[in-house]
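Trainee: Going line by line, the protein sequences match chains D and V.
If you read the first sequence in this note's numbering, its first letter stands for residue 1, the second for the next number, and so on.
If you read the second sequence in this note's numbering, its first letter stands for residue 140, the second for the next number, and so on.
These aren't lab readings, by the way, just hints derived from the structure by calculation.
On a predicted model such as this, the values are computed, not experimentally measured, just so you know.
Don't take every hint at face value.
Stated by the list, open to error - Taking beta-carbon pairs under 10 angstroms as the criterion, some of the chain D residues facing chain V (in silico): (1) K6; (2) P70; (3) D76; (4) D86; (5) G95; (6) R99; (7) F113.
What the hints assert, rightly or not - Covered by chain D, per the in silico footprint, the following chain V stretches (three or more residues, Cβ under 8 angstroms): (8) 288-302; (9) 315-321; (10) 348-357.
As the list claims (entries may be wrong) - Sample of chain V residues lacking proximity to chain D, with all beta carbon distances greater than 12 angstroms (derived): (11) Q214; (12) D217; (13) R226; (14) L255; (15) T257; (16) S368; (17) E379; (18) T390.
Positions of the beta carbon are idealized from the N, C-alpha and C atoms, including for glycine.
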Amino acid sequence: MRTRTKLFLAGGLGGVGLIVLLVALLGGGSVRGHLADTYQRVSSDGDSIVYTSNSRPKAVYEEIRAAVPPADVQVDPQGYFMRYSDDIVAVTANGAGSRIYIDDERRGYAHWFPFVVGVWGTGSGSGEGIRGGGPGAGK
Amino acid sequence: MRRLATVAGAVLALLFVAPAAASADVLFDPADADELAATLAEAYEGQRVCYGWRVDVDNVGMRETSVGSNFGAGQPLDETVDPEACRTTVEFQATITWTSESSESEDSASYQVLSLPTGPTTSDLDSLELISDDGLAGENPDVDVYKAVSALPLLAADAGVADALEASPAPETEAEAANGQPTNSPGSDFWRRAGGAIMWSALLILGGGVFALWAIKSSRGSARRRAASAPEEPGGPTPEFVPAEWYDPNTAPQGNVRPGPPPPPYQPSPPATPPTRKPTGRRRPTTERRPPETPTDPSATGSPAAGPRTGRSPAAGPGATKPPTTEQPGTEPSATGPRSTASPAAEPGAAEPGERAESGAPAGAPKPTDRDAQAAGAAGERDEDQTPPGGSAEKPAGKPDPETRPEG
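Pulled out of the complex, with its shape left as it was, chain V reads as follows:
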């Protein structure tokens, strides 16, 4: 009887004092589970706070649980023998779901920190950035659970429900005795700190360069396309101005009129000085200006080049008058005023329109001045009997009859 009581007492003492040896655990190796329980037991001795863990694992439909506490691996907190020993408890709880290899669902996990009556919370554990849901569902959930459970005493001290535990450096001889050497060098701190930022900066700079190249190439391509598709003006380029001798206000198109044939090309090279007229001894009119005469062909409106050139040419302005009928040999026609040459039949010596350029008065010469108009008017008065070489003796409607023209 006494022996039986002794054995029962020893068993009870082992249950209370020493952590129970771990049996097969779904999460931990038995030695790791025992080591974790021993760590919690040391914390309990210094803080008088009970710590534990419970991890429920759904292993492809088979439910298993990994539990432990400062009382031992496999000993849950809610089944402690002496509730008075745990006035404050802090437990790490997690749920892990493992799916089969052929399943489309991924492994999942979640966790929380439960403190009674008060103590650290799940957010306190999250602030340490030790574990995550993805880490628990990953390859090494036991490492994450070990770290989280080991941090519970630190969180309890920070929350004020327990005293903080202090650590002191061990003598170097201990490591030397155990032949301890650091391994697995972690790598450069610089690349770990700035590697991400350097990568992003390289992407931004490269993106800016590619965008700039694309902008330059697209601008060149659009410029080439605009040049190739530029429409031509109908009827050819429009000259800047029409020579004076081609313009006749009486026959100029009014309002919407059909376009006439293009004028001859303009040759903007006026002579330095207008050709001088040799004195002929004739009297020049001093005042009167005569209205411009109409072209010989009434149908050729706005198209002074429609027919052969006649002795009569349209004046450029109000001061223009009828061109003279005769021309003295050697006399140079005005370069700026209306043509003063007679018809080829009447005036053999007269210059042809096309030869006007040879005489120094090119077609499309600068606009006539008043002086030239007066000179042309004086020459026109002398050509009262001139008839157009076109053979038509018709006078343009509305034009004064030379016979009745007032004397100036």
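The following block holds chain D by itself, in its conformation from the complex:
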């Protein structure tokens, strides 16, 4: 293999790496930006914003998770709850469609306290989260 060919290959590797880096830095955004661009805004109160969608909660949850992966997810028969570094997003049913709530971390924990207490924070309540395994929890 000639030297020029080797240098072309090296340049190609570096070019691909630069492209991947640019896509990682420039691609994607915050969950707030994604919700604002994707769903219809219904109301807002400071950092607490409510959106609606015609899709069912499962589809909306999968779409948001795919676009902006959350740090943690909690589920309840009444909805999906996703935690981000600064925000908490809740997806629940709204007739045939869905309603999406986004709050900052403090207000979101307070709004959805019965569903996430003991898992994402402290506090006494009906939902204390999973305490731990039973007598036989494997090795």
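Chain D is fixed; fit chain V onto it per the hints.
Mentor: Here is chain V on its own, set in the frame of chain D:
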């Protein structure tokens, strides 16, 4: 009797309405099992679909089962008291195998969602990306089972077998009253989203740089190796051309011949102008060209420098003739034509071959021209009686006898 019937009725009511208190469970803490059953019971109230779980655990050979449903922890779906209450059932089933610490086999697990008669499937649960086989076989299988069972009502609503349940945000005072605060901050969303891609891009860029350095170093090393191993030409470098006086077509090697000794080094510095010949008053021949004469030593083929230089030198081309036998003092030999000097014995004033360079006609001078050949031919005619200094009076075979040479 009446009291007995009352007690029996109360017991039956408790069995139907309230979830049974969990006993020791292989998977869940009793409180967690009760809480999960209560969650399913709330879903059942809103959707009229029965939900449950069954997890079979092989605990190092000891088989145990964790069961529960909306009827209570420890209450399996297939043992409900009122089958009419469960026209649609959705159950999470799993199998977990725990091996001993010394065993080479790893823990394993599998799961499925069973809906009767119809409802959500295992793939619907997989699409939520909440649990996995590895997670069930990991450190906290109870957390994964809890999440999977809690999602069953959502899947049933999405599958169309039940109505969706709506949630509303609680008032902030409730959390404040419970002194609820978020903890365990999850970290940067940017690094969680782009951390993997940034790592791969760094690896690619670094790999490209290392590959480029290796390519440059290997090319330099191969160039040095080629220069060091370049073979030398046998017998030394081949000169670009041989001086005219060294070439004699009659004795030049024909076909495959053994190589002769290398010619003397070539000194490519022809004079600006050929040395002029002082007029001698002699008549120059106008037309005739004489064939070149053979060298004095027939054995020295292709090796004009094998013996001492003689007065006869090979001509460079067809126009070359026998060199002259005498030379007037002060006369400069032709720089481009064959040597016109006589033998050292006959011509004391003649220049030696080695001194030719001093007289301005260096060895290996440019090729002779026709004019020089004619001049040399004229000089050669005057040297009919010249004999080679080598002492040999033999004439080369095939060469014309000077005595019989035609007059020009």
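Trainee: Hint numbers the structure violates, sorted upward?
Mentor: Of the numbered hints given earlier, the structure breaks none, since each of them holds.
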